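Visitor: If you read the sequences in order, they're chains A and B. Heads up, the first sequence is in our numbering, so the first residue is 1107 and it goes up one at a time. Heads up, the second sequence is in our numbering, so the first residue is 101 and it goes up one at a time.
To be clear, the hints were calculated from the coordinates, so they are not data collected in a lab. Keep in mind that a hint or two might mislead.
Lysine to aspartate or glutamate pairs mimicking EDC-like chemistry, simulated, CA-CA at most 20 Å apart [stated by the list, open to error]:
1. B:K291 with A:E1232
2. B:K291 with A:D1441
3. B:K124 with A:D1441
4. B:K124 with A:E1357
5. A:K1194 with B:E309
It should be emphasised that the depicted structure is a prediction, and the values quoted were computed from it without experimental measurement.
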Amino acid sequence: MLAERQAGREATSASLLLLRGVSKSFGPVEALKQVDLALDRGEYIGLIGHNGAGKSTLMNILMGVVLPDHGDFTVEGRAVAEPNHPAKAHGLGIRCVFQELSLCPNLSAMENTLVIHPTLGGVGWEKRTRTLITGALVEIFPGNRIDVRRPVSELPIGDRQMIEIARAFTESDTAAKIVILDEPTSSLDSVAAEQLLGYLARAASKGRACILITHKLNEVLNHTQRIVVMKDARVVADVPASGLSRDQLFEMMGAVSRVAATTAATATYQGQRRIELPEKSGAPALHVEAGEIVGLAGLAGHGQKEILRRIYKASRTRKDSGCVVTGAAAYVSGDRQREGIFPLWSIALNITLASIRRLAHAGFIGSAPETQLAESWRQRIAIRSASATQSILALSGGNRQKVLVARAFATDSEIILFDDPTRGVDIGTKRELYDQIRTAAGTGRCFLWYTTENDELFLCDRVYVFHEQKVVDVLNRAELTEERLLRASFVEA
Amino acid sequence: MIAMSNQEPSAASVGATLNALGVKQFGLSFIALALILVIVFWLRPNVASYNGLRLLLNLSPVLVFTALAQMFVMTAGDIDLGIGPFVGLVNCIVAGLLNDQPALAILMLAGCAVAYSLMAALIHWRQLPSIVVTLGSSFVWLGLALMVLPLPGGNVPAWLTSFVRLHPPLVPLPIILALVPMVLAHLVLNKMSYGVVLRGIGGSLSAVERAGRSTLKARMTLYALAGVCGLLAGTCLAGVTTTGDANVGRGLTLLSIGAVIIGGGEFVGGIVSPIGTVLGALIMQLSGSLLSFASVAPAWQYSVQGGILLVILALRVVSWRRLRP
Chain A
1107 MLAERQAGRE
1117 ATSASLLLLR
1127 GVSKSFGPVE
1137 ALKQVDLALD
1147 RGEYIGLIGH
1157 NGAGKSTLMN
1167 ILMGVVLPDH
1177 GDFTVEGRAV
1187 AEPNHPAKAH
1197 GLGIRCVFQE
1207 LSLCPNLSAM
1217 ENTLVIHPTL
1227 GGVGWEKRTR
1237 TLITGALVEI
1247 FPGNRIDVRR
1257 PVSELPIGDR
1267 QMIEIARAFT
1277 ESDTAAKIVI
1287 LDEPTSSLDS
1297 VAAEQLLGYL
1307 ARAASKGRAC
1317 ILITHKLNEV
1327 LNHTQRIVVM
1337 KDARVVADVP
1347 ASGLSRDQLF
1357 EMMGAVSRVA
1367 ATTAATATYQ
1377 GQRRIELPEK
1387 SGAPALHVEA
1397 GEIVGLAGLA
1407 GHGQKEILRR
1417 IYKASRTRKD
1427 SGCVVTGAAA
1437 YVSGDRQREG
1447 IFPLWSIALN
1457 ITLASIRRLA
1467 HAGFIGSAPE
1477 TQLAESWRQR
1487 IAIRSASATQ
1497 SILALSGGNR
1507 QKVLVARAFA
1517 TDSEIILFDD
1527 PTRGVDIGTK
1537 RELYDQIRTA
1547 AGTGRCFLWY
1557 TTENDELFLC
1567 DRVYVFHEQK
1577 VVDVLNRAEL
1587 TEERLLRASF
1597 VEA
Chain B
101 MIAMSNQEPS
111 AASVGATLNA
121 LGVKQFGLSF
131 IALALILVIV
141 FWLRPNVASY
151 NGLRLLLNLS
161 PVLVFTALAQ
171 MFVMTAGDID
181 LGIGPFVGLV
191 NCIVAGLLND
201 QPALAILMLA
211 GCAVAYSLMA
221 ALIHWRQLPS
231 IVVTLGSSFV
241 WLGLALMVLP
251 LPGGNVPAWL
261 TSFVRLHPPL
271 VPLPIILALV
281 PMVLAHLVLN
291 KMSYGVVLRG
301 IGGSLSAVER
311 AGRSTLKARM
321 TLYALAGVCG
331 LLAGTCLAGV
341 TTTGDANVGR
351 GLTLLSIGAV
361 IIGGGEFVGG
371 IVSPIGTVLG
381 ALIMQLSGSL
391 LSFASVAPAW
401 QYSVQGGILL
411 VILALRVVSW
421 RRLRP
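Generate the whole structure from the sequences, applying the supplied hints.
Guide: This is the structure we're talking about:
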């Protein structure tokens, strides 16, 4: 049915924007698979989907920041020739409001407007940019009190977001035909958010096309005309917004069949309580027993990393009265480039790093025990390399991540904290890691596992769902369904 | 309310003008410089005259231009560890070659400026840290300077030495050579529309890229401006000292960084003040004189000078925090 609907859309060759069969991979991870999307003048569509569904990649392709591997992309019937460049996208009338703000923090709103409109340059640019940006700000957010001459870093985040949005609607030599907004209301207060959502409808009625990417389902249900749902790098639904219910949207977002029903770990090991955070201001208590695998779910950036860091800190200092940790903890980060590997060191040194105290005698590290420890974990975790003395840079991304897991396993820590450790790891390596985790849990280790992949939550004995820095739901494995997860993650006031 | 009207109360517009000049950034260095001058005049009243200032600030144009060169590089969020030796190289070319082989000397000087922008291209393409590239090139500049002029000496063209001895009416030459580049640099960075892009790449490279502007071109422009300032610094140095010396620029690098920072610049990039930088250069220049006038033993001068700078910087951090919301 969906295919028919999309085929019908493709027939209208006069579409303002048309994507056909666009695919993009980053290493082993497929970010977009055969995505089709059509957009006409005057359309206001909502784009929704869970973390990592491919929304941001799609937007980066439209903006010319990322090149698609396959597929084509036309604007007003003309093919957008590769390589697409941000200036070209701008010339075509495509504007984006990025989630992480893309303003220069040291420049004022006026100056940031000048950066995207080279033709406003020359004597008198201050006046021209000021007229342009204040005009857009007044039109979209009437009554705002933004100082357009101050560096944006000195303004509150909400004001910066408004400037970024208003800037996308400013026009000089080129018109803003298609405006794509990625989570534009995330830093706006409710008044400004309503102003924006209303403005987008007005902008569409004047012939512009707007794409609203959001996690707030009410925004798309109440304001947009059509809703495109992405899931696992594909467009899974493209339907008119009128008459849709939240329940139907949830169903679409979770409707794709599972890759594999993962067999759940059975926590046979009954040990002591390792982590305990008491109930606080209505948020349920969080606890982890020895031998348990406990998941942290919810949308990215809702406090999961903070709780992991807090627990890790508590395990080192034992000074956090609100967080009782019994035993030593090891932390595995998914951001391996920035906070994981030591790129100039060998695999062995990367593995044994966290166990140095155990390996050292009178302040010196014996090389034999060190090599032995590294070699044994290299084999147990099945890191694919000729030997442990090779450079870590010789490994693929997935194997580098295994090194970080090995580093945690090689310690005598009873608690392993996972911060989305399988990010950007291929499915085969993931499966191997899941086996390792289950084995380790069987020996009494416990895991607190933050993941952005819902599949992984089905490996957990219990899942805590986060929303706005708080636990909003606790799901035991028996109760865990993708729909429940989505519902808890998308709580709305 | 958004200020859309053109008629504003004049008090507000004076405030706005001061803000546009970046008074928050350089205000403190202005006060510090005034304070140093007052103390110097109090210790040595005869300095407060046309000739007194001319002699006191004899060498300041060198540091002013070097500091502006450093400022342009720091605008991109980079740092230039080679500017001192570069000034030394220019000094050697001017003293060693300009008089006898002017064509070759001018060609070499132009090559030096081009080399500076190529350094920017190298940093951009290979994504190298500027600290590595400029440190490496500093040895190249030093080596070239020694090839041009193995021993200190040379023969500075007469027109140059007579230029630095000019006695313009009312205002001594070193002060003109501080004010003119200050105004020009302010116009380039803060008034011209392309200056916005130049500062923008220091603030957020990716934001400028996403806006479709060439960050390579912007960085090369900044480095070329730095190169030109370096040329002017080396030329002034040759004119004042009437000799060339490959090692003369050694201390200049750190002094120039100090001047930019004291003048309200920051290492993060995109936050610099041309006015503050020139004031900072004068502070660096005068704090040495101040200490010798105050009969501080030469052995102590460096430490006390460093102490003064630390105090100014600490005050700046405090005032900065208070001014920010």
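Visitor: Would you pick out the hints that fail for this structure and give their numbers low to high?
Guide: Per hint list: 2, 3, 4 violated.
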